[in-house]
Amino acid sequence: MHKFVGVLALTGVILCCVAWPAGPPAAITQVEYRDFPGLSMMDGNWAALLAASDGKVYTGLAYHGGDGHLVYYDSKTERMHDVGNLTALSGESLLKRGPQSKIHAKFGEGKDGRIYFGTHGGYWWDYARYGTKEGYPGAHWMAYDPKTDRVEDFGLGCPNEGINTGAYDPVWQRIYGLTHPRGHLVYYDVAKRMTADKGRINNFDSICRTLGIDDKGQVYGSFGEGQIFKYDPQTDQLTELPLRVPIRPKGISLGRDYDKSETAWRVVVWDEETKIFYGVDESATILFSFDPNSTPNGEIRRLGQLCIPGFEERRDIPYATLSLTLAHDRKLYYAAAGREFDYSGSTGPATSHLISYDLKTGKTEDHGGMLLPDGRRVLGTNSATTGPDGTVYFVGAIEVRAEEGKPLEAAGKIGSVYYRLAMIIYRPRT
Amino acid sequence: MTSGRVQQTWRITAAFIALVLPVWGQRDKSYDFSVVSQVRVDLRDLGYPPVDVIPADESQIRSLTVGPDGRLYGATSGQRSHLFLLAPQHGYVEPLGTLADSKVIHHSLVVDQAGEVYVGTALAVDNNSQGYEHYAGGHLLKYVPAKDEARNGIRIDKPCPVVDLGIPSKGQGIYALAIDRSRSAIYGLTYPDGEFFSYQIQTSLVKIHGRVAKNITPGEKFENEKAIGRALAVDQEGNVFTSGEDGKFYRFDVKTQQLERLDIGVPAVQGREVYNRIDAWTSDAEGKLYGGTSDGYLFRLNPAKLEVVNLGKPLNQYRIRGLVLAHNGKLYGIGGDDDEMARLFSYAPASGLYELLGMIDVNRRPYYSWQGYVFDAMVVGLDGTIYMGQAERKSKLYLYYPQ
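So the protein lines, in turn, are chains A and B. Here the numbering used here is used: position 239 in the first sequence is 239, and no number is missing along the way. Residues are numbered in the numbering used here as their position in the second sequence, beginning at 1, plus a constant of 430.
In case anyone wonders, no lab produced these hints; they're calculated from the structure. Treat the hints loosely; a few may be bogus.
To be verified - Taking lysine-lysine and the DSS-like style, the derived pairs with C-alpha atoms no more than 30 Å apart in a straight line are:
1) B:K651 x A:K133
2) B:K572 x B:K656
3) A:K260 x A:K198
4) A:K76 x A:K147
5) A:K216 x A:K275
6) B:K743 x A:K133
7) B:K685 x B:K644
8) B:K743 x A:K96
9) B:K656 x A:K133
10) B:K685 x B:K735
11) B:K588 x A:K230
12) A:K133 x A:K96
13) B:K644 x B:K735
14) A:K216 x A:K192
15) A:K192 x A:K56
16) A:K198 x B:K588
17) A:K360 x A:K216
18) A:K230 x A:K260
19) B:K600 x B:K651
20) B:K637 x B:K656
21) A:K56 x A:K111
22) B:K651 x A:K198
23) A:K192 x A:K230
24) B:K656 x A:K198
25) A:K230 x A:K216
26) A:K230 x A:K111
27) A:K192 x B:K651
To be verified - Here chain A is said to cover these stretches of chain B; the calculated rule only asks that three of the stretch's residues, wherever they fall, bring their Cβ under 8 Å from a Cβ of chain A:
28) 765-778
29) 800-809
30) 820-830
No residue lacks a Cβ here, since even glycine has one placed at the ideal position from N, Cα and C.
Could you put together the complete structure from these sequences and hints?
What follows is the structure in structure tokens.
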């Protein structure tokens, strides 16, 4: 009997450890945070985070089954502002066809100082009204003008579908998007006030989550098994490049949502200095560079892996997050999940790590678990941006601890731990 | 404890961990969103990946047909049109080459008794007639399958070897074709004017018999479409049926060689008759015709008595764009407009029961997965497999195996 107990105890110890990185415990990174007052029910944020040139940091807060919000943080006054409820801003509060629940894609700043974006739905009636005329009316193209503090609604971008992925190109003044669920490439030409649909790119589960736009306004995304497409606004043509993003072969899900693809890039950032994209793949957080100007069709190089050390070869490496940004110190900063993370759809709570990659030296560094000043954990993030002063911002889930006598302000639970959204602030050492 | 026992304990522990870890890490099955039984639906790429595949922007399948020998032919639409073949004994799609000057092949693919394939081309359809001002006209093409079945290299950039049988109607695209194999006659409709024509295979004689729609559908001032049936059916007597202006049935009487407007109308929502058309046809062994309409109704037409029975609306969607009678005696149809999510249904004529089969979702994870949202062609193979043609920028051929 004592042997069995011994085996069980040993197994228990090992099982407790498998959720955590296999390497030695790393240092801790203390981060600041700002929560979103009055919006504790907001349950997710993906990609929608932009530090604009005036120091305001814009974010889109998602609320499944309800109205998402556009919010900005004024880094000069250190105050958070709720611009408004997206369904109301779309003029659809009384429509009863499904709310504007999210901004699910990147914002862009125009040369006119306006902040451009598209909206997304967050309720599909268990597929009964999935992409139908009875369900979600469709994404709106919008611009927020900080000078007037007003949002201009350009109208419906893609009937019955949301903007799953997006980016703004200030050169051609277009907001681009990949739609959910049908995976079409669409855009809104702000100058011409015209919307266009270039057709289907991919399946709903493998729509890449970031469109990369270079300094000429050429748009790149990934599709298929790590392939890359290019949209040239000059010719209005889509082409498929003979390049492959480094991806790990897809396997049967181990803790990952079954319908999550493992075949695309997850996020890319554009480096103005070298005119190169840097990105990570979805499956194994493989860091790569993509030089679109290298002849004849561009070049991709594998640079390393930005997961928490110890996960590199493991099958349960967490799905890559969207939290990648290039900071002023020429380092890429990435917030790596400690466990499969997708807010309330996470497999369980774990602490995010801050990982950096130095473009000058090629050195990857694990800065350790991200903790708030009071010791609470950052449980996961899915967006990142760098402010004009070099501050790095993330938005994600932070741990909420119930306090006796105080109402619990949380969006839900990750495993057994309550969470809410917050803006997380990291100031790289200069 | 002896070293042997220690080793044994470690082995047991290792085995236990190996068994438990994947289970511990695994999502429960509610995370696996599939909306169609995965036993019953699959897909094929349109060619040999990675090189000889009909590319995006050229792959919308809007025409499918099965020859007397069981070979499936399909034609694509987009920036270029391609003809392709699927021989059921092989099971893969073989591109046969591009079809010159064609961008759209809409419900216009038939095979004669000898196995020769006829294709009707068009510039565009259902686009408010844009581009037709200077269009020379769609061609009727004939493809004679090669006796030598050896693959002939990469085909997607090579022209398909076809015989050009000419332009049935100047300035008009070909909108639909049907064949009467026993009488060696092909019938067609044109776009945008809705002319009905016949082509005699033996004599190569083309004759235009009239129009199924003369006036533009009432609507706003931008409206420039006529209500032309999108499909043709040939009954056992050789008469040809479609729909036309005001949502009425039209019949080509093979004996009198006259095109007639019938008094009976295609089932429609009251008030929407003028917009309603037939999207798809099939027939049963007794000669009854079944049709699907643009309003999404299924109906049965007795072509001898000219009696129509409205069988209702299986989906909360517009259009029934594909309809076949499967070997199990049930009708299978696919519905949904271009901006909707296509759904599959079945109808059992014997019991009158519908079964809603959901979206077209092929889930072969981790190897591949793909959902189809727009479909515009459906046929049943000699072995009972139902083939469905996706009509999107990146399209595939779907196979459905009815139970």
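Okay, the hints, checked on the actual structure:
1. For the hint linking K651 (chain B) to K133 (chain A), the alpha-carbon distance of about 25 Å falls within 30 Å, and the restraint holds.
2. In summary, the hint linking K572 (chain B) to K656 (chain B) is supported, as the alpha carbons are separated by about 28 Å, within the 30 Å threshold.
3. With a CA separation close to 24 Å, the supplied pair K260 (chain A) and K198 (chain A) stays within the 30 Å bound.
4. For the hint linking K76 (chain A) to K147 (chain A), the alpha-carbon distance of about 16 Å falls within 30 Å, and the restraint holds.
5. Of the supplied pair hints, the one linking K216 (chain A) and K275 (chain A) holds, its CA atoms being roughly 10 Å apart against a limit of 30 Å.
6. With a C-alpha separation of about 17 Å, the suggested pair K743 (chain B) and K133 (chain A) falls inside the 30 Å cut-off, and the hint holds.
7. Only pairs whose Cα atoms come within 30 Å are accepted, and K685 (chain B) paired with K644 (chain B) is accepted, the gap being roughly 24 Å.
8. With a C-alpha separation of about 25 Å, the suggested pair K743 (chain B) and K96 (chain A) falls inside the 30 Å cut-off, and the hint holds.
9. At most 30 Å may separate the alpha-carbon atoms for a hinted pair to count; K656 (chain B) and K133 (chain A) meet this at roughly 25 Å.
10. Under the criterion of a C-alpha separation no larger than 30 Å, the hint pairing K685 (chain B) with K735 (chain B) is consistent with the structure, at around 16 Å.
11. As the CA atoms of K588 (chain B) and K230 (chain A) are separated by approximately 25 Å, the hinted pair is consistent with the 30 Å bound.
12. The hinted pair formed by K133 (chain A) and K96 (chain A) meets the criterion: a straight-line CA distance of about 12 Å does not exceed 30 Å.
13. Between the alpha carbons of K644 (chain B) and K735 (chain B) the distance comes to roughly 27 Å, so the proposed pair stays at or under 30 Å and holds.
14. With a CA separation close to 18 Å, the supplied pair K216 (chain A) and K192 (chain A) stays within the 30 Å bound.
15. Of the pairs offered as hints, the one joining K192 (chain A) and K56 (chain A) holds, with about 28 Å between alpha carbons and a cut-off of 30 Å not exceeded.
16. Between K198 (chain A) and K588 (chain B) the alpha-carbon distance is near 25 Å, which keeps this suggested pair within the 30 Å criterion.
17. Under the criterion of a C-alpha separation no larger than 30 Å, the hint pairing K360 (chain A) with K216 (chain A) is consistent with the structure, at around 25 Å.
18. Our distance criterion of 30 Å between C-alpha atoms is met by K230 (chain A) and K260 (chain A), whose separation comes to about 23 Å.
19. Between K600 (chain B) and K651 (chain B), the direct Cα distance comes to roughly 26 Å. Compliance with the 30 Å bound is thereby established for this hinted pair.
20. Restraint check for K637 (chain B) and K656 (chain B): the C-alpha separation of about 21 Å stays at or below 30 Å, so the hint holds.
21. With a C-alpha separation of about 15 Å, the suggested pairing of K56 (chain A) with K111 (chain A) holds against the 30 Å cut-off.
22. Distance hint between K651 (chain B) and K198 (chain A) is fulfilled; the C-alpha atoms sit about 27 Å from each other, no more than 30 Å.
23. Using a Cα cut-off of 30 Å, the hinted pair K192 (chain A) and K230 (chain A) holds, with the two alpha carbons roughly 22 Å apart.
24. Proximity of K656 (chain B) to K198 (chain A) is assessed by CA-CA distance (about 27 Å); at most 30 Å being required, the pair is judged to hold.
25. A threshold of 30 Å between alpha carbons decides the hint, and for K230 (chain A) with K216 (chain A) the separation of about 12 Å falls inside it, so the pair holds.
26. Among the hinted pairs, K230 (chain A) with K111 (chain A) is consistent with the structure: their alpha-carbon atoms are about 24 Å apart, no more than 30 Å.
27. Between K192 (chain A) and K651 (chain B), the direct Cα distance comes to roughly 24 Å. Compliance with the 30 Å bound is thereby established for this hinted pair.
28. For the segment 765-778 of chain B, the stated coverage by chain A is satisfied: 3 residues place a CB nearer than 8 Å to a CB of that chain, which reaches the threshold of 3.
29. Remark: the segment 800-809 of chain B is confirmed as covered by chain A, as 3 of its residues place a Cβ nearer than 8 Å to a Cβ of that chain, reaching the required three.
30. With 3 residues having a Cβ less than 8 Å from any Cβ of chain A, the segment 820-830 of chain B passes the three-residue criterion, so the hint holds.
Of the numbered hints stated above, none is contradicted by the structure.
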